[in-house]
Amino acid sequence: MIKLDVMAINRQAVIERILRVVRHRGFHVCGLNMPTNTGSADVQVELTLERAGYACKTPVDQLVAQLIKLVDVVQVEQRS
Amino acid sequence: MENSSTAENLDDNPLSAEPGLKGADYVVRVLASRGINTVFGYPGGAIMPLYDALYNSPVEHVLCRHEQGAGMAAIGFARASGKTGVCIATSGPGATNLVTALAEAMLDSVPLVALTGQVPTTALGTDAFQEVDMLGMSLSVTKHSFLVSNVEELPEILEQAFQLANSGRPGPVLVDLPKDVLLASCASDPSSNAVADTQPVALPWNLCEQARELISQASRPVLYAGGGVGMANAVEALRFFQQKTGMPSVLTLKGLGAIAPDTTGYLGMLGMHGTRAANLAVQQCDLLVCVGARFDDRVTGRLEGFAPDARVIHLDIDPSEFGKRRQPDVALSGDLNILLPALAVKAPCEEWLKNCEAMRYEFRWRYDAPGETIYAPALLNTLSQQLPDSTVVTCDVGQHQMWVAQHMSFTRPENHLSSGGLGTMGFGLPAAIGAALSRQKQPRQDDLVICVSGDGSIMMNIQELSTARRLNLPVKVVLLDNERLGMVRQWQSLFFEGRHSETVLSDNPDFPALAQAFGIPAQTILHRHEVDDAIQTMLNTDGPYLLHVAIDAEENVWPLVPPGADNHNMLEDI
Ligand SMILES: Cc1ncc(C[n+]2csc(CCOP(=O)(O)OP(=O)(O)O)c2C)c(N)n1
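Quick mapping for you: the protein sequence lines, in order, are chains A and B.
Mind the numbering: the first sequence is residues 1 to 80 in UniProt numbering, read in order.
Mind the numbering: the second sequence is residues 1 to 574 in UniProt numbering, read in order.
Simulated from the structure, these hints should not be mistaken for laboratory data.
Please read all numbers here as calculations on a predicted model, not as lab measurements.
One or more of the hints may lead you astray.
[As the list claims (entries may be wrong)] Heads up, simulated DSS-like pairs for lysine-lysine below, C-alpha to C-alpha not over 25 angstroms straight-line:
hint	chain 1	residue 1	chain 2	residue 2
1	B	Lys83	A	Lys57
2	A	Lys57	A	Lys69
3	A	Lys69	B	Lys83
[What the hints assert, rightly or not] Quick list of simulated restraints, FRET-style, between CB atoms:
hint	chain 1	residue 1	chain 2	residue 2	range
4	B	Leu124	A	Asn10	44 to 52 angstroms
5	A	Ile15	B	Leu303	28 to 36 angstroms
6	A	His24	B	Asp533	48 to 56 angstroms
Virtual Cβ for every residue (Gly too), placed ideally from N, Cα, C.
Sequences and hints are given; from them, build the entire structure.
See the structure below:
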């Protein structure tokens, strides 16, 4: 299991963008936690991920590097 | 770089905000204030307010004949000029027709802003006529995208769109514009704040020192440079680095032109259809300095066997490329114009440079194919030698694309426009139109644009002949007709036991007649002795021209690194 904490700006489609990158780069969402935040500028997303079969060798760093490229993503941290 | 001078003169600008102005007028004022004087598109219902605002505006709108054509033309414009490309389409089918161009700009890192019409906000989510969730559709093919849900958001979104398209690693940004937003009143002026350049960041001296040390110890280094060099305006810095270090160099498809072809130790393109010398040098090198390139699978062949003895220094604006395919020993992210001079130390590689020069000579191209049929590589080489250095060459995708890369010479990367990452058939003609428009100078002194195409590819955006004709652009199409989807046919011959499934195009249209139907002069040549005169006629004809060249259906592109092989195991003509 891989756990990522993603902090992002609460703007249009930000969750879709994060999930799309996760899927496309070879990871599978097994858990997602996002506290309710109405009116806040930021969103905090906790992701629990598995590797898709074809990405069994993809380092998590690669996923983090792609996520951080999203314009609205501010910070990505891996939790042990 | 964009011309921001008009931004300062907004007060004299007839388009300066007046009461009664709408969102659509604001969009046009933003374009004008950013010095964007040419945009490409195709009108329709939802985007009509923007077309109304373009009417009589100082921004020239080029009507293409398909939205994909408009998108590719905007890309050609951007790549040939270094400016931002802008394309416009209506909602629904207009917008979906742009998707391939967005993907093209994404994979080749081209600054493109796409403005799409959308149904009014009141109709969003109702499956209204010509409603497509364009924001959703854009997610995987843009750097970022926006749906403007209120006219008050328009100024900031447009500002961000242009900034994002050009910052860091450039790319496409889509702005979806609902019709009511375009019609809503919007009297503000585009901000004249020039986009702040990224602050110079202190160089990581530690890493620079490590890189310099690797270079100063390398006896068999190779410089491997790609499209990022041209995008970063760093051609001079790259050439300075090459000279100072004295190392041999190879280029990717998108890097061609970044090193002058006559440079000592320059070995040409590497990879699947690269030169034997380039691939052998990379396979043997002890240090690979990768600049603005990304170890693409077309470059590396079998990744584990690529440059097996090399330490790697990787320089790129986008740190997500580090280690994505090959783990670097030293990676430096930043502006190449700053990084390259900081690393320019002599490498002790004189012997190696001599060896590389000898390889370059030993494996030089030969054009003495027997027979009277036209040998495409020879034709392209002859043509290339007759073109002024400022000529832009665009191409489509397939065998002819590889022959252009192999047999034509380029002294600047912005003069060779090839669909690298996406490999999009249909890119060449509209890209040529955009390139020609970006290089307009005095009448009759415009830069020439050659579009080398294949009989398969040309049909993908053939309608753009109409645009070339309408604007009387100096776009010369060299159509290499093998009556085949040649590159696929070659792979079927080599790797699918000659089972030529759906690759025979013996029922092609009469291409010269087709060109003439668009009002474009054309000629067919069948034999080698006709080549020289035909090239002269083409170059001496004003405006667009189509030279239809019959070539051998069985001709292959050599050398070829077969799938799954290491780059030193190239197949040659057998
Ligand atoms: C839009 C698109 N569809 C399909 C392909 C796959 N493809 C790559 S090369 C090729 C054949 C191209 O034929 P042609 O334009 O005649 O060029 P040639 O290889 O004969 O020089 C095809 C079908 C592609 N690259 N782009």
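Hints and how they fare:
1. Lys83/B x Lys57/A: Since the Cα atoms of Lys83/B and Lys57/A sit roughly 39 angstroms apart, the hinted pair is violated (cutoff 25 angstroms).
2. Lys57/A x Lys69/A: With a Cα-Cα distance of about 21 angstroms, the restraint between Lys57/A and Lys69/A holds, given a limit of 25 angstroms.
3. Lys69/A x Lys83/B: Judged against 25 angstroms, a Cα distance of about 23 angstroms means the pair holds.
4. Leu124/B x Asn10/A: 44 to 52 angstroms: Since Leu124/B and Asn10/A have Cβ atoms about 20 angstroms apart, the given range 44 to 52 angstroms is violated.
5. Ile15/A x Leu303/B: 28 to 36 angstroms: Since the Cβ atoms of Ile15/A and Leu303/B sit about 33 angstroms apart, the hinted range of 28 to 36 angstroms holds.
6. His24/A x Asp533/B: 48 to 56 angstroms: holds, 52 angstroms
Comparing the model with each earlier hint shows violations of hints 1, 4; every other hint is respected.
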